[in-house]
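Residue numbers (this note's numbering), protein chains in the order written: chain A, 1 to 505; chain B, 1 to 292.
Heads up, a few of these hints could be off.
[Stated by the list, open to error] The calculated label-pair distances, taken between Cβ atoms and stated as ranges, are: (1) A:Pro-71 with B:Val-14: 19 to 25 Å; (2) A:Gly-306 with B:Ala-166: 39 to 45 Å; (3) A:Ile-492 with B:Ala-59: 35 to 41 Å; (4) A:Leu-428 with B:Glu-120: 47 to 53 Å.
[Claimed, not checked] Every beta carbon over 12 Å from chain A, so not counted as near; a handful from chain B, in silico: (5) Pro-36; (6) Gly-47; (7) Asp-54; (8) Glu-57; (9) Ala-81; (10) Ala-85; (11) Gly-86; (12) Ser-87; (13) Leu-104; (14) Arg-107; (15) Arg-145; (16) Leu-204; (17) Val-205; (18) Val-229.
Worth flagging that the hints you see were computed from the coordinates, not collected in a lab.
Beta carbons are placed, not taken as given, at the ideal position from N, Cα and C, and that holds for glycine.
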Amino acid sequence: MSVIRRPAVEDLRLIAWAVGRALGLLGLVMLVPAAVALALGDADGASALALGAALALGLALVGTRDRPVRPLGWANGLVAVALSWLVGAFVAAVPLALSGRYGGMLAAGFDAMSALTTTGLSVAHDLDHAPAALILHLALLQLVGGFGTVVTVLVVLVGGGPRSVALAAAAERGERTHPNVTHTVRFIVRAAGGHLVVGVAALTAILRLDGLEPGRALLHAVTLASSALSTGGVTVMRGSLAHHHSAAVEAVVAALMIAGALSFGLHVALWSGRGAEALRHLELRTLALTTSAGLALVLVGLVGAGVHRDAVALVRRGALMLLAASTTTGLTVVDGTLIATDWGALAPAALVAAMAIGGMTASTAGGIKAFRIGVVVKTIGADVRRALLPGSALVVASYRAGRRRVLDEDLSRTATTVLILHLATFLLGGVVGLLTGAGDITDTLFESVSVTANAGLTVGIVGPDMPPALMATHLVQMWLGRLEFVAVLALIAWTIALVRGRVDR
Amino acid sequence: MSGPRPVRLVVLVVVLAFVAVLVGVRALVRAAPTAPSLAPGALVLDGAPLAAPDPEEVAALRVACRRGSSTFAETVARVRAEHVAGSVVDSPTVLACPAGLDGLEVRLVGEVVGDVLPREGGAWLTINDDAHAREVGPLVGHGTRRGTNRGLAVWAPDGTHERLGAPGRAGRRGDLVVVVGTVRRADSDDGGGLTVRASAIEVLVTGARASAPLHRTQAVAAVVALTGVAIAGGLRLRGARRTIPRPGAGRLRIGRPGAGRLRRARPGNVRLSAGRPAPPPGTTGTAPRSGS
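Construct the entire structure; sequences and hints are all you get.
Printed below as a string of structure tokens:
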């Protein structure tokens, strides 16, 4: 029987330091909507956000009291990542709860976790009358969460750790955007900032031409651009993207959604003129194939169900909804109830599959990730060939990721493990929804896949009146899905070690 | 230091802090001052009070009218047969069975919210008909939480929307209107969206400002908390500037003991925090390496 080592005080210090740094950033970000609220004369909004920011900064000061003398390490890093998202959601929920639009801290925590994990679902009451600062708070949380995920994947998951333990596909890609943390973060900030500025400028201009007043156009533009780029889904109005009735707005948002769902490795390759090689990457090819197949299924489903008689409407609605699902953005142009009632069976099923697969690793998108799907398909192909060929035949499967690589067992196993964990979580959420009486199994599975993949599409179950048990389950699903299980599993193991472990002497 | 007690103590402190925050938030929410509700009053239409949709009926309709189900055609036919031209419908019913109401004339009662989006020949409106729109008013101060918003997109041709006031948003309840129009399940003029094409819009109740009294306790708490954090952060920064971390070997403190302002590290004003005396002038202040 193996002995579990209890984490030492120094481990706690290291983790507290890392979580403190994350909370410090979150606190500073929360001061932005607080200042906006103050400028707009929303004193209660400003004080609520200031309290949240003070709590985050206070915890940051406590956590970073002792600068650690040794590096964080991979295992502690995973625990710190999982705790950062959990504590961050709790702290970010404080101003939401104080707004009075939530039934309690669970509901406020749901929305905070939804924004931080770039899911974009909301259980707020009367969101259409919510103040601008509250919306901006959620929009900024999406950006922090979305790009925090990219940094986490590239720095913590790719940056170290034994291959046998690394469940994140990025760790297997053998691909890093830049050689060190500082360069990686700088590139991400520059690339994301560039996309965001261009997106906000374009959307503000379009919305001004559409007749919105300047402040309102800017609020919509910031929210839409940050939602699309972080593949979040928070919008000013409940009607989401459909509220604008504008093909131009939809085109800009679609471009930003695609940019958000592409891996930063691909962004680097495109920027550095290595586009041809990037186009041969297993993940991009898998994503192109699955998205094309998904689009075909959605269109066939809509035609078969007789939803649209107009070809332009068919393609516009179908393609945008598929893109919202595939990039796990969740910015919709169709009311969720209509997906369940008016879209037949095939098109919603294709949306569910697209959400489940998700975008690329090291992007802001959620889901199982196209790379893992590609690896699993290659593994199955190799197994079939092994079965068909004589026993003495040597079957070597390979894939392209920067260069041609041999598909080894570790990679196949980790990709399959994550796939199974996702499928189990989809099923678990669906069953909890069914048991709580939230809807029939098709609807509850749709919601379960949507929250686990951090997509944010809903057929109407997620809302302020949903059962608390289902709300809590979906909250955990969002957290698990965003951190791709590995960090949360590390936190669970660490907590067990904290309680049951033995002390090193 | 690596024994079980410090670790458990840290866990206990974290749990207590978590509970304290929960209690504090709950207390602040409860202490929030209330404002009079902006309820529009009992809406009466055609001499009868306007009824809210029955959630169970809507849920049953949603199941029966699911496209592709065996009951779809029958339900659509029943809804179309039962509908009286120009009768009041609500958005949950329309969304539950859009095919049943497609092309039929309806009346929609609700609040104009969000933005009025002018286009050639008219404007797009969003009409919410949820409880916050029709019963209790915007959730500002009165604390009555009545669920999420729901509504429909309405195309208002020129001549129907010009007299509308500012739409409902933060700090404002929009006009409550009756829209007479036709449901279009997949409106090709809106790229296939579900819309109501209005032929007439009547204002039932004009919009009003919605504001809540200042939550003084929360404001004071925020000022105190931010000031405390700013002071603590300032002291930390000041301390950090005055010391140079040395991995594994404590810190170098810069400046003479008791000196209030930051001084550049020079030979003579550098001493080790452990209390060792400052090195004599002319040396670097770092511990000599073995063999040097």
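Broken hints, numbered, in rising order?
Hint check: 15, 18 fail, others pass.
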